[in-house]
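**Q** Given these sequences and hints, build the entire structure.
Protein chains in written order, with the working numbering: chain A, 2 to 339; chain B, 686 to 1106; chain C, 318 to 755.
Simulated from the structure, these hints should not be mistaken for lab results. Virtual Cβ for every residue (Gly too), placed ideally from N, Cα, C. It is possible that part of the hints are untrue.
[Stated by the list, open to error] Partner residues aside, some chain C positions facing chain A, computed with beta carbon under 8 Å:
1. N390
2. A393
3. F426
4. P539
5. D543
6. F710
7. G719
[Claimed, not checked] In the DMTMM-like style, the derived pairs of lysine to aspartate or glutamate whose C-alpha atoms are separated by at most 20 Å in a straight line are:
8. A/K265 with A/D233
9. B/K805 with C/D618
10. A/K30 with C/E352
11. A/K78 with C/D618
12. B/K1044 with C/E589
13. A/K132 with B/E845
14. A/K114 with A/D233
15. A/K78 with C/D543
16. A/K132 with A/D143
17. B/K805 with B/E956
18. B/K1002 with B/E991
19. A/K76 with C/E589
20. B/K960 with A/E141
21. B/K953 with B/E845
22. A/K30 with A/E252
23. A/K76 with C/D543
24. A/K76 with A/D291
25. B/K741 with A/D233
26. B/K960 with A/E133
27. A/K298 with A/E252
28. A/K78 with C/E352
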Amino acid sequence: MKKSVFLGTLGVACLSAGIAAASTLDEVKARGELNCGVNTGLVGFAAPDANGNWSGFDVAICKAVAAAVLGDASKVKYVPTTGQTRFTALASGEIDMLARNSTWTFSRDTDLKLDFVGVNYYDGQGFMVRKELGVTSAKELDGASVCIQTGTTTELNLADFFKANNMSYQPITIDSNAEGEQQYLAGACDAYTTDASGLAATRAAFADPENHIILPEIISKEPLGPAVRHGDNQWGDIVRWTLNALIAAEEYGVTSANVDELAKGTENPEINRLLGVEGDLGAMTGLDKDWALRAIKAGGNYGEIFAATIGESTPIGLARGLNAQWTQGGLLYTPPFR
Amino acid sequence: MTSASDAPEPGFRLSQLIYDTRYRSLTIQVVTFILVMAGIAWLIDNTIQNLNQLGKDFNFSFLTNRAGYDIGQQLIPYTNDNTHARAMLVGLLNTLWVSALGCATATVIGIFVGVLRLSKNWLVARLMTIYVETFRNIPVLLWILVSLALLTELTPSPNEYRINPATGEAGVTMWLFDSIAPTNRYTAVPSVEFTHGLGAINTAFAPISLNYLLIVMALIGSFWANRRLLAHAHQVQDATGVRPTTWWKSLLILLGPVVVVALALGFKLNEPELKGFNFVGGTNVSNAFVALWLGLSLYTGAFIAEIVRAGILAVSKGQTEAAFALGLRPNRTMSLVVLPQALRVIVPPLISQFLNLTKNSSLAIAVGYMDLRGTLGGITLNQTGRELEAILLMMLIYLMISLTISGVMNVYNNTVKLKER
Amino acid sequence: MSDTNAQSTAFVREAMLPAKPAPVTQVGAVRWLRENLFAGPVNSALTLIGMFLVYTLVTHFYPWFRHSVWNANSMAECRAAVTASFGDGATGACWAMIRERWHQFIFGFYPPELYWRPIAVFVLLFVALAPILFTQLPRVMLGFSVIYPLVAIWLLWGGSIWPVTMVAVGFGLGWLAMRRLSAYSSILAIVAAVLVPVLFWLFAVGPLDDLLTSVLPIGIEPVASDRFGGFLLAITIGVGGIVMSLPLGIILALGRQSDMFLIKTFSVVFIEFIRGVPLITLLFVASLLLNYFLPPGTNFDIILRVMILVTMFAAAYIAEVIRGGLAALPRGQYEAADALGLDYWKAQRLIILPQALKISIPGIVSTFIGMFKDTTLVTFVGLFDPLKGIPDFIRADFNWKGIYWEPFIFVGAIFFILNFSMSRYSMYLERKLKRDHR
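**A** Now the structure itself:
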């Protein structure tokens, strides 16, 4: 055994190393697979099922991009990333895009050399407490023990919030969402804080969700969105406009059910341009004409994805709220496809 | 007239570099040196290229920025307005603190278990064997997680300590005269306060409490005085054959000054009290800390027990028999004859166990205890995105700690080593 | 006549009495109890404490085990079943989860229809180890041990057979070159042994591989690294790390023993650096930094990166173990080698290393046990280890929310069985080897 194996591995490593391709798009096409960074397991957003197949709201974005670029929504390799490893995985090229409920902030966009391509979920940090505590507002949490995941923006928000309100708290840091649930349920903390959507997902999974309430205060803005590496604008455009296509599809009433029908041509020039009936928008980003069609077919439009993964009919039961279309009082507003 | 001609001038041929053993080692070293340096240069060059490509630089100025996050356990004053460097220091002290306590507890457990495992008591010996084998063969990560789970599942929540106004009784009562309250989030223990203390000297690193300084000084003085007393007793014994009773004098000398100083400073225990959500007044020792401490101590304790057992078995049977022949009782034989000799065998592997424990303390990540990895290698790394700097710095610090521990312990090892002539 | 006798002597025993039974305290169970449990007050107290401990543990945990549920589809069903059979407030173990998910603890997400491959690799591992551990077996079997790593890599990851073959061919070429040149110069031979395979891999493999794949596409279904998890991952990393670290460890150990100052310094610095930092920081290097150190654009998957760092980690520890083995060899062996006129490499290869490695085997096994336990740390870089990764993932399922103790017990038991048997084996080996040296 001995010498052979070590050198052998090095040899294999050198072989597989290869030289960087010119652009992420070429690289993905050459590989035939999209490497997508996701959460290690957050029900509704990204979680593997019993067979290791991933599904969820964030996962749907990966699938849409894979469908747009490679023509097959299943050609995705999901790379589970922790709060610690996600940005480095992206920067180092281990993943092509990050769809892991990451907050778009100034420093991440500039200093960390990431490009957030848009917002797929408008979120904010909230608190969940046991009903029996009798707390109705986060302002009453003075002196409480708060469970908090490390490596996220939440710990900074939390520190700021308690400081601004001149209150004290005991941070109980935890490593993963699973650990946080366990600690919270065992009563190791009075309040559990994370993004409100995450809280809802967590609460939905409890045996007794009715005994826990999410406090009304949202203490921060958390626009969550997919991110790509800084510097490759073409790739950034592809991911950005795939997301926009999903949002626009909902706005124009294009669904996975009627998309094939509509692709034959409609009265609405906007839809025609989106689905490649009119003009050739895809070519401008290095894709073909049907890219948006495939992306929409992969999992439906934004509304369909939302309803299927985290919407009110799912156990997580999130309302659209800020994430409704701008026409319905929400914040989703995509630039025009022209 | 022939004179012996000189030996041919030792001309240097290139092939000597390989075939001449005088030069060969030099050749090999030079080649290796060049190869290693080339390798390092290659790595550094790659790093620079990668950094350039990402548009990042390599500097540690992020350490002086505001940290912005809170740390659950801090041995020196820290708020979220302090710098990342300060947060790193807090984490480092937390690492050292849990390692030091862990080493101490593990040693105590190890000695007890190691000795008891050799006991003639059938049940105790078996139990200790089960303990050692179970803990040694299962990853320490599991023990840390189990400790935390036990603490959170088995202890009451602070709320249960609340006195129910209807019945006038609390669900559970605190331990030790209402001074210690284990809960599922922390253990509330009394804190020490000096009512008319001397204050503290504020240094940039940490405030130095004059009160504790005074107490430590009193203790040092007492120890010195006690040594003098014992030396005197020895002299008397040598001269007259009768050893004067010293135990009560020793006790008085050791405890007297400290008690006097403490009372003069107005020593007072602040007992924890349930207010609002949590206990206040005392010190709350987080469960993450206790779980890590417990898990590390129990795990390492099992290894130390084996080391102690091997050490004792290494002392020849004749030593024990000789001690018995002198009329020493078994426990005194153990403490006066066997253990001191076993120590020589025990110390070197003990050092490596201490090192292991210190390194394993980085598993704090599993329970969210904010150690060096949690601060510098965790939140700071994440908030600033300086993984290269943060991880290199963290490795360097761990390396320093390890080298210091092995250095100190080696010095100790030299003192207990059998002096050979 | 007899009267006089009777008067002068009061009593004469004429027949021996039968032996009395030993006092009740000196026989059977009572004696055993007295000697082993209640010999003196301290001992008695210890016994009582021990009994109390056992009693508390049993009374606390036995009901939980007794109420075990084996058939259920979710945590809620488990709880309902326990309540139904044992009344309100009863708690019970829910082994149904293990029953449903055991394969994920063992294989991770490896495709179920291909489970035979890891199982075959595991069984073959013993075949490969046998000739190394049992010297009485025919030496021919060592040939299999040598090619085993490549077989294992191919079986686990699947894909075309040609890249693996190419690696093997590379080694073969290197070996040939060494054989050919060793007659001229041992240094030249070593240089060639390294250079030839590297050149072969760099320049000949690509075209050759393409050619062979197009002519003879032999292969099995490929399995990506991200399907690895559970004990399959732990064992792959553990065994792979140890096997790959052996050559590096030997070189480092020899380097540390060397008289050459620079070589010794490099070895010492490397060993002490690796041993001085926690494994978890090295894993972070693997996941966060390794890509910085390699040429821009280099990218290979996290398992391989972890393996590289784990190999370096293991090598430092193995080097210390082997150094112990080298130090334990009697000085005479070195002198004898010198006296025979063997050069350094020949002496090491023929005399020193075979003996030093043999006495190092127990230490290597211990290092392996430690490494195997440490593989659980890969969970912190996002891999699915059996202790935390897999259970956390299972808990993310709605059905198994809140299951906590069962996975710990299950995984802990497997770790215990594997490690305990290995440590017993290494102790046996140690005893055996000791006898050899007397």
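**Q** If a hint holds in the structure, say so; if it doesn't, say that too.
**A** Structure-based check of each hint:
| no. | hint | result |
| --- | --- | --- |
| 1 | N390 | violated, 11 Å |
| 2 | A393 | holds, 7 Å |
| 3 | F426 | holds, 3 Å |
| 4 | P539 | violated, 12 Å |
| 5 | D543 | holds, 6 Å |
| 6 | F710 | holds, 5 Å |
| 7 | G719 | holds, 7 Å |
| 8 | A/K265 with A/D233 | violated, 33 Å |
| 9 | B/K805 with C/D618 | violated, 55 Å |
| 10 | A/K30 with C/E352 | violated, 78 Å |
| 11 | A/K78 with C/D618 | holds, 11 Å |
| 12 | B/K1044 with C/E589 | holds, 13 Å |
| 13 | A/K132 with B/E845 | holds, 16 Å |
| 14 | A/K114 with A/D233 | holds, 11 Å |
| 15 | A/K78 with C/D543 | holds, 8 Å |
| 16 | A/K132 with A/D143 | holds, 17 Å |
| 17 | B/K805 with B/E956 | violated, 44 Å |
| 18 | B/K1002 with B/E991 | holds, 19 Å |
| 19 | A/K76 with C/E589 | violated, 44 Å |
| 20 | B/K960 with A/E141 | holds, 13 Å |
| 21 | B/K953 with B/E845 | violated, 27 Å |
| 22 | A/K30 with A/E252 | violated, 30 Å |
| 23 | A/K76 with C/D543 | holds, 14 Å |
| 24 | A/K76 with A/D291 | holds, 17 Å |
| 25 | B/K741 with A/D233 | holds, 16 Å |
| 26 | B/K960 with A/E133 | holds, 17 Å |
| 27 | A/K298 with A/E252 | holds, 16 Å |
| 28 | A/K78 with C/E352 | violated, 66 Å |
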